[in-house]
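Enquirer: Each chain, written out:
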Amino acid sequence: MFNYVIRRIFIAIPVLIGVTIINFIIMSMAPGSPVDMLISPQIPAEALAAKRIELGLDAPAYVQYLSWFKHLLQGDLGYSMITYEPVLNMILSRMGPTLLLMGVSLIIGVAIAVPLGILSARKQYSKLDYAAVTGSFLGISVPNFFLGLGLIYVFSIWLKILPSSGMTTLGSEGGFGDILLHLIMPVIVLTANVAGRNIRYVRSSMLEILEQDYLRTARAKGLKETLVINRHAVRNALIPIITVLGMEIPILFGGAVVIEQIFSWPGIGQLTMSSIMSRDYSTIMGLNLTAAVIVIVANLLTDITYALVDPRIKYSK
Amino acid sequence: MTEMDDLLAVNHLQTAFDTDQGLVVSVDDVSFRLKPGETLALVGESGSGKSVTALSVMQLLGKGSRIVGGKVWFEGTNVLELDDKLMREIRGNKISMIFQEPMTSLNPVLTIGYQMCESIMLHLKQSKKEAREAAIAMLRKVGLPRVEQIMDEYPLALSGGMRQRVMIAMALSCKPKVLIADEPTTALDVTVQAQIMQLMKELCEESGTAILLITHDLGVVAEMADRVLVMYAGQVVEETDVYTLFDHPEHPYTKGLLKSIPRIDADEHESLESIPGVVPVRYQNIAGCRFYNRCPIATETCKSVLPPLAITNEGHYTRCWEVGNIKEGVWEEAYE
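Chains as they are written, first to last, in my numbering: chain A, 2 to 318; chain B, 19 to 354.
Mixed in with the good hints there might be a few duds.
To be verified - Subject to a maximum C-alpha distance of 16 Å in a straight line, what follows is the list of computed EDC-like cross-link-like pairs (lysine to aspartate or glutamate):
1. B:Lys273 - B:Glu291
2. B:Lys159 - B:Glu224
3. B:Lys53 - B:Asp24
4. B:Lys277 - B:Glu63
5. B:Lys103 - B:Glu119
6. B:Lys159 - B:Asp259
7. A:Lys124 - A:Glu55
8. B:Lys81 - A:Asp59
9. A:Lys315 - B:Asp24
10. A:Lys225 - B:Asp235
11. B:Lys103 - A:Glu226
12. B:Lys273 - B:Glu93
13. B:Lys81 - A:Glu226
14. B:Lys81 - A:Glu209
15. B:Lys81 - A:Asp214
16. B:Lys195 - B:Glu288
17. B:Lys193 - B:Glu63
18. A:Lys225 - A:Glu209
19. B:Lys53 - B:Asp259
20. B:Lys273 - B:Glu223
21. B:Lys193 - B:Asp207
22. A:Lys225 - B:Glu107
23. B:Lys146 - B:Asp170
24. B:Lys53 - B:Glu99
25. A:Lys225 - B:Glu291
26. A:Lys124 - A:Glu209
Everything labelled a hint here was simulated from the structure, so no lab data went into it.
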C-alpha cells in the first residue's frame, strides 16, 4: 500500500507538468495579454512596449514557460502581473473561503444523499422514492447560476433576510454568525447539486445490492431487517459511492467558479475568474497548477479509501 | 396422521407472485411431513417450485411473492401466523438454510468470523469471545484448514467449496432442528459435490438435524434421501420413500425422469430417453393434470379433471388418474 502511494505520487509529477504545458499553450493562444488590459488612450505605445519587455512577454512562448517552470522548481509561483502580489499568497488567502464553502456543501450534500438514496431504494416506487428521484433530477438540472440568482431574488431582494454577497458584512467585524448567514445561499446552491447527483448514485447502487444473495443469507440467519440493511447492505452499497465522492471535489471546484462569482465569495473561483478577465498569466498558471494538484490528490485519496473499505481490492507492490 | 407429531408439516401450501397479469400461483397445494433426523428430498426441474416452497417455509420470499394459502406447522406452531420477531427467532436458529450459490451467498466485505459469530451471538446469546470459539470449533468440524486465520479473512480468500463449507458451518452453528439445503452442490464441481454432501449428512446425523434437500440431481437423491417428493409445475406429483421411488415409480413423470438418467449398464447403442415436450408456461390455468400434454398414458379425464394426490400404497402417494387404485376409483387423499 505504502509503495503504491509513493508510485502514484511519482506518476503524478509528469501529469502535473503536462497540465501546465497544455494550459500555457492554450493561454498564449487566447487573444489579449496582461498589457492589452492596461490599454487606455493616455498610455503611449512606447510605454506599452517597455511594459511588455518588463513582464518578459516579448520572449518566445517556450522561453516564457521555461522561465516560469524554473521558478516553480524553487517553489516560486511568481507575482501577479496586475496586482504585483505573490501568486502563492493570493491563492493561499483565497483557499480558506473556498474550502469552507466546498466542505460545508459536500458534507451537507452527502448527509442528505446517502440516507435519502438508501431509503429511496428500499421503498422503490413509493411516493418517497418518486419525490427523491424528482428532487434529485431538479438538483442536477437546475443550473447553479439560475438557482443562485433565484435565491438572491427571494431571500435578499424580496424577503430581505439574507445577505446577497460576500463572506462578511462590509465594515463589520465579521464573526461566526455573520459568516454563517453569508454561507447559507451559496451552500444551498452547491448542496442541491451535490445531493442531486448523489441521491441517484446511492439509490442505484443500493438497488443493486438489495438483490444480492448475501442479504438473503443474512435474513436466513434471523437478523433484523435494520441490521440486514445497515450492516450487510449499506457497506457494500457505499463502496462505489466513494469513487463518485472523489470526483465530487473537482466538480465542486469548477462549480465554485460560477457560484463565487454570483455571491461575490472571496475564494479561489472568484480569483480564477478575475485573473482570466485581466489575462493575469502568472496567476492563471498558479491557479491551474493548484486545481490539478487538488484533482490528483482527490483521486489518490479515493483509491486509498477504496482499498481500506473493500477487502477485494489490493494494490499490487 | 396429525401435524403435531411431525417436526415440520407443510399443509396445502400455496405461494403466488404478483405479475402484470395479476396473481399467479406458482406453488400450488404442496404438502409434506418431515420427521426429526429424516432427510426429505424435493426433486423437480427448474421452475417446478422447489425453491419457492423452501423460501415459503422460511418466509424469505422476495418482493412480489407471498403465501396465499396453507399452513406450515413447526413444532406444533403454524409459523405463518407468527409475527416477524418470533419468526426471526426460528430462522437461523431452529430452521436454517444453505443456498445454491456459495460464491455470492457470503457478504464480500465482512470477515468470515464476523459472519459466523453473528448468528451465534444472536441466537445463543453468547459473548463475543464464546461465539468466536464456537465459530472456530464449527469451522474445524466442516473440515476447513487454518481455521484461526480464515476467521479474519474475507470470503474472497476462499474457493467455492470452502465457502459452501462455511455456509454449512454457519447454518449448523445454532444446532437447528431443520436444515433446508437449496441445491447446495449445484454450483460446485463434481468431486467437491460428493464431499459436501457427505459432510452435510454426517453433521446432521450427529446433531439429529432433519434435512429438506432441494435438488434436481437424482444421484444426490439416491445417496442422501430417506423420502422423496417429486414436483412438477408447482405441484407434488409423487411422494414415497427413496427405495420405492427408484424401484416402483408410479407417476408417468417420475418414470420418465428415471428413464432419462444415463445408466452404466446400458447397451452401448441404446439412446437415452427423454420426456417429450416442455413444462407448460402458464400451468396455473390448466384445469386437468398439468403433465397431460407430455404424458404417454393420458386420457380424456386427465385433460379436464386434476387428479388428487392420493394414497396408492402405505406411504406412497401419487397424483395420477391412471395408477392402481385411483384408476379403480377407490382412493383416499394423502393430506386432508
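Enquirer: Decide, hint by hint, whether the structure agrees.
Expert: Structure-based check of each hint:
Only pairs whose Cα atoms come within 16 Å are accepted, and B:Lys273 paired with B:Glu291 is accepted, the gap being roughly 11 Å. Restraint check for B:Lys159 and B:Glu224: satisfied, since their Cα atoms lie roughly 11 Å apart, inside the 16 Å limit. Taken as a hint, the B:Lys53 and B:Asp24 pair is honoured in the structure, with Cα atoms around 5 Å apart against an allowance of 16 Å. Pair hint B:Lys277 plus B:Glu63 holds up; C-alpha atoms about 15 Å apart against a cutoff of 16 Å.
Under the criterion of a C-alpha separation no larger than 16 Å, the hint pairing B:Lys103 with B:Glu119 is inconsistent with the structure, at around 27 Å. Restraint check: the Cα-Cα separation between B:Lys159 and B:Asp259 comes to about 30 Å, which exceeds 16 Å; the hinted pair is violated. Of the pairs offered as hints, the one joining A:Lys124 and A:Glu55 is violated, with about 67 Å between alpha carbons and a cut-off of 16 Å exceeded. Between the alpha carbons of B:Lys81 and A:Asp59 the distance comes to roughly 73 Å, so the proposed pair goes past 16 Å and is violated.
Distance hint between A:Lys315 and B:Asp24 is unfulfilled; the C-alpha atoms sit about 51 Å from each other, more than 16 Å. As the CA atoms of A:Lys225 and B:Asp235 are separated by approximately 34 Å, the hinted pair breaks the 16 Å bound. Under the criterion of a C-alpha separation no larger than 16 Å, the hint pairing B:Lys103 with A:Glu226 is consistent with the structure, at around 10 Å. Distance hint between B:Lys273 and B:Glu93 is unfulfilled; the C-alpha atoms sit about 35 Å from each other, more than 16 Å.
Restraint check for B:Lys81 and A:Glu226: satisfied, since their Cα atoms lie roughly 14 Å apart, inside the 16 Å limit. Distance check on the hinted pair: B:Lys81 and A:Glu209 sit about 14 Å apart at the alpha-carbon level, within 16 Å; holds. Restraint check: the Cα-Cα separation between B:Lys81 and A:Asp214 comes to about 14 Å, which is no more than 16 Å; the hinted pair holds. With a CA separation close to 45 Å, the supplied pair B:Lys195 and B:Glu288 exceeds the 16 Å bound.
At most 16 Å may separate the alpha-carbon atoms for a hinted pair to count; B:Lys193 and B:Glu63 exceed this at roughly 30 Å. Between A:Lys225 and A:Glu209 the CA atoms are separated by roughly 20 Å; this puts the pair beyond 16 Å, and the hint is violated. Between B:Lys53 and B:Asp259 the alpha-carbon distance is near 13 Å, which keeps this suggested pair within the 16 Å criterion. Between the alpha carbons of B:Lys273 and B:Glu223 the distance comes to roughly 30 Å, so the proposed pair goes past 16 Å and is violated.
Simply put, B:Lys193 and B:Asp207 have alpha-carbon atoms about 28 Å apart, too far for the 16 Å limit, and the pair is violated. Restraint check for A:Lys225 and B:Glu107: the C-alpha separation of about 10 Å stays at or below 16 Å, so the hint holds. Among the hinted pairs, B:Lys146 with B:Asp170 is consistent with the structure: their alpha-carbon atoms are about 14 Å apart, no more than 16 Å. Only pairs whose Cα atoms come within 16 Å are accepted, and B:Lys53 paired with B:Glu99 is rejected, the gap being roughly 21 Å.
Taking the CA atoms of A:Lys225 and B:Glu291, the gap is about 49 Å. The hint is violated against a cut of 16 Å. Restraint check: the Cα-Cα separation between A:Lys124 and A:Glu209 comes to about 13 Å, which is no more than 16 Å; the hinted pair holds.
Figure legend: structure checked against the earlier numbered hints; hints not met, in rising order: 5, 6, 7, 8, 9, 10, 12, 16, 17, 18, 20, 21, 24 and 25.
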